[in-house]
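Residue numbers (my numbering), protein chains in the order written: chain A, 1 to 302; chain B, 303 to 618.
Don't take each hint at face value.
[To be verified] Chain B is faced by these chain A residues, among others (derived, beta-carbon under 7 Å):
id	residue
1	Ala-35
2	Leu-37
3	Thr-78
4	Ala-128
5	Pro-133
6	Leu-138
7	Leu-206
8	Ala-270
9	Ala-277
10	Ile-278
11	Phe-284
12	Ile-286
[Unchecked claim] Footprint (simulated), chain A over chain B, 3 or more residues, beta carbon under 8 Å:
id	stretch
13	356-363
14	379-392
15	560-572
In short, the hints are calculated from the structure, not lab data.
A virtual CB, placed ideally from N, CA and C, is assigned to each residue, including glycine.
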Amino acid sequence: MTDVAVETRKPPRQPTKRRAGPGRLLLHVFLVLVALLWISPIIWAIFTAMRPYADTSAHGYVSWPHHFNFDNFKNAYTQADLLHYFFNSIIVALPAIFLILLFSSAVAFVVSRYSYWFNVPLLIFFLAANLLPQQVILQPLYRLYLQIPLPTWISDSGYLYDSYLGLILINVAFQTGFCTFVLANYMKTIPKSLSEAARVDGAGVLRQYFQIMLPLSKPAIAALATLEFTFIYNDFLWALILIQNGSKRPITAALNNLQGEFFTDNNLLAAGALMTAIPTLLVFVILQKHFVNGLTLGANKE
Amino acid sequence: MATDIATKASTRADGARRRKRAVRLSTWDRVAIAVMVGIPVFLTGALIWFPTVSSVLLSFTNWDGIGGLHTIHWIGTTNYRQIVTIYPSFWPAFEHNFYWLFALAFVGTPMGMLLAYELDKNIRGTRLYQSAFYIPVVIAPAIIGLITELVLSPQQGLISSLFADPRHGHVIDWLGNPAINIWAVLVFACWRHASYVMILYLAGLKALDPTLREAAAIDGASEAQAYFKVVLPALKPINIVLVVITVIEALRAFDIVYIINHGRNGLELLSVLITDNIIGEASRIGYGSAIAVVLLVISIVPIVVFVWNSFQQADA
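With these hints in hand, go ahead and build the complete structure from the sequences.
Written out as structure tokens, the structure is:
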């Protein structure tokens with residue numbers, strides 16, 4: 001995904017006077033209707049998931065529910081072993097996010113503090129990598145992963161293919177570009193005088209990076225961490241192609257196999273799909289806050 | 303870590319660029335910088351750019367993928383000629399990607415812009431509305447595909463239950479009928495895309511200087527005039543971003559159709575053909591690579607525009 005840049009922002013707007021009137025009312029009517037339409041597919045999924053299969057087949061899908069319960073959630077959870085797949089996602093996402101932020105902040109630090117000839121080409125190198133459609137590189141990547149042997153304690157397949165490490169690395173390579181771009185823009189707004197003062201005090205490059213720039217970039221890093229969690233958790237393609245063993249797939253890619261198990265029972269499928277979405281919806285609550293923080297703090301630095 | 307840092311400015315500081323570099327770095331600092339830049343460059347080079355170049359090279363060869371690299375034979379443009387003439391799925395997939403782009407560009411993106419514009423009006427409860435409109439972006443495209451199935455299923459879906467009694471009258475098989483299923487799926491693709499556009503555009507609108515609009519209002523401009531003559535031109539950088547992501551998202555489309563029916567029977571896409579040629583039974587590396595190059599060539603335009611746009615802004 002190309003994704004949301006942490007943009008710098010002008011000083012907060014003065015709240016203009018609220019004009020009450022028919023126009024405002026119409027606007028609210030419009031927004032309420034569209035918002036209801038917007039969430040209706042999700043409400044439908046919840047509605048479907050809460051009803052036992054017998055209830056819907058006896059009374060039709062749009063009918064007053066005679067039973068409402070969480071049995072489908074329980075069944076989907078146990079039958080599909082969702083917790084196992086959820087942990088697969090975490091095994092991939094957490095190291096990947098750590099490495100993405102480490103690498104991208106390091107490159108962003110160098111680009112924003114030192115004027116090398118390669119700064120702009122370097123940023124283009126990373127940014128363009130993130131903009132490519134993934135399928136452009138998929139075929140050679142798959143062949144490459146089959147060529148790289150790994151010791152079996154890292155990958156039980158013996159190759160980078162079908163290993164968590166392989167999946168982590170491609171997520172890191174693909175997402176570092178976007179984060180480098182955002183962080184470089186963010187760090188450029190941090191006054192140079194801060195790191196220069198540290199340098200005069202005898203701080204080397206690494207100390208300036210770890211003790212000055214990283215703490216100052218915390219808001220942007222937090223915003224990116226939440227964004228990257230949703231991107232990696234929601235990834236379907238990389239895991240589908242690069243992980244062969246179904247039980248090793250992260251949860252979103254595992255939906256592809258789970259669908260086969262549930263396919264006759266839409267109620268169960270709805271419950272499985274909703275439970276898969278819960279972690280990102282939870283993170284979303286945090287993401288909204290961090291996101292706004294990242295936006296406003298970026299502005300005040302300027 | 304370095305202790306011997308030169309704080310003296312170099313005497314060679316002639317240009318602005320030189321002056322910034324004038325601080326001499328110790329050997330340790332140079333090593334640190336080389337590592338900080340080198341590792342990410344190596345990883346991105348090895349896993350993104352090397353495969354990109356390989357896709358281009360492989361598209362001119364025939365290779366079964368089984369023999370070693372020495373079994374690769376250069377066959378010129380044969381793969382390209384064959385995919386456009388005898389590969390039955392290519393043109394339908396190409397057409398569907400085009401429909402995808404068309405729908406995102408003329409429905410999804412304008413819808414997202416409209417929602418952002420309305421939400422930017424300082425209305426009561428804007429956070430609540432925003433939360434509702436954000437949700438499709440947070441949910442994985444694969445799950446959007448499953449929700450599409452739940453809503454459109456002919457026997458158990460919301461639409462057929464509302465508009466026809468599935469137990470008696472005839473039902474429309476929205477996802478099974480190859481004449482209409484791409485459009486049915488596109489409704490849901492636009493649903494997600496509009497949300498994505500809304501987030502980007504709302505951030506752009508909020509960053510806009512409010513005095514611009516006030517000045518237009520004082521001058522007696524109508525709302526539509528103020529939008530098209532003042533707001534829209536002032537947001538040129540974000541507009542370019544929207545155009546670019548619309549094109550790229552249309553090229554990347556994959557998860558929704560793959561979860562629904564593995565991209566067959568009316569839902570073929572170029573991205574699906576590429577994966578079919580990797581993990582499918584009848585995989586042909588040459589065909590897959592040639593289609594990858596088609597995607598690459600189309601995507602180069604928006605990528606160049608986006609990069610150019612970003613660095614113009616940075617310089618300004």
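The hints, checked one at a time:
This hint holds: Ala-35/A has a C-beta 4 Å from the nearest C-beta of chain B, less than the 7 Å allowed. With a least beta-carbon distance of about 9 Å to chain B, the hint placing Leu-37/A at the interface is violated under the 7 Å criterion. The interface hint given for Thr-78/A is violated, since its Cβ lies 19 Å from the closest Cβ of chain B, which is over the 7 Å cut-off. Residue-level restraint check for Ala-128/A holds (minimum Cβ-Cβ distance to chain B is 5 Å; threshold 7 Å).
A distance limit of 7 Å between C-beta atoms decides the matter here; for Pro-133/A the minimum to chain B is near 5 Å, and the interface restraint holds. For Leu-138/A, the interface hint holds, since its Cβ comes within 7 Å of a Cβ in chain B; the closest pair sits about 6 Å apart. For Leu-206/A, the suggested interface contact is upheld, since its CB lies about 5 Å from the closest CB of chain B, less than 7 Å. The closest approach between the C-beta of Ala-270/A and any C-beta of chain B is roughly 5 Å, which is under the 7 Å cut-off, so the hint is satisfied.
Checking Ala-277/A against chain B: minimum C-beta separation of about 5 Å stays under 7 Å; hint holds. The interface hint given for Ile-278/A is violated, since its Cβ lies 10 Å from the closest Cβ of chain B, which is over the 7 Å cut-off. Satisfaction of the interface hint for Phe-284/A is found here, the shortest Cβ-Cβ separation to chain B being roughly 4 Å, below the 7 Å cut-off. For the restraint placing Ile-286/A at the interface with chain B, the shortest Cβ-Cβ distance is roughly 11 Å, beyond the 7 Å limit, so the hint is violated.
Proximity of the stretch 356-363 of chain B to chain A, defined as three or more residues with a beta carbon under 8 Å from a beta carbon of that chain, is established by the 3 residues found. Remark: the stretch 379-392 of chain B is not confirmed as covered by chain A, as 0 of its residues place a Cβ nearer than 8 Å to a Cβ of that chain, below the required three. Note: the stretch 560-572 of chain B has 3 residues with beta-carbon separation from chain A under 8 Å; the three-residue rule is met and the coverage holds.
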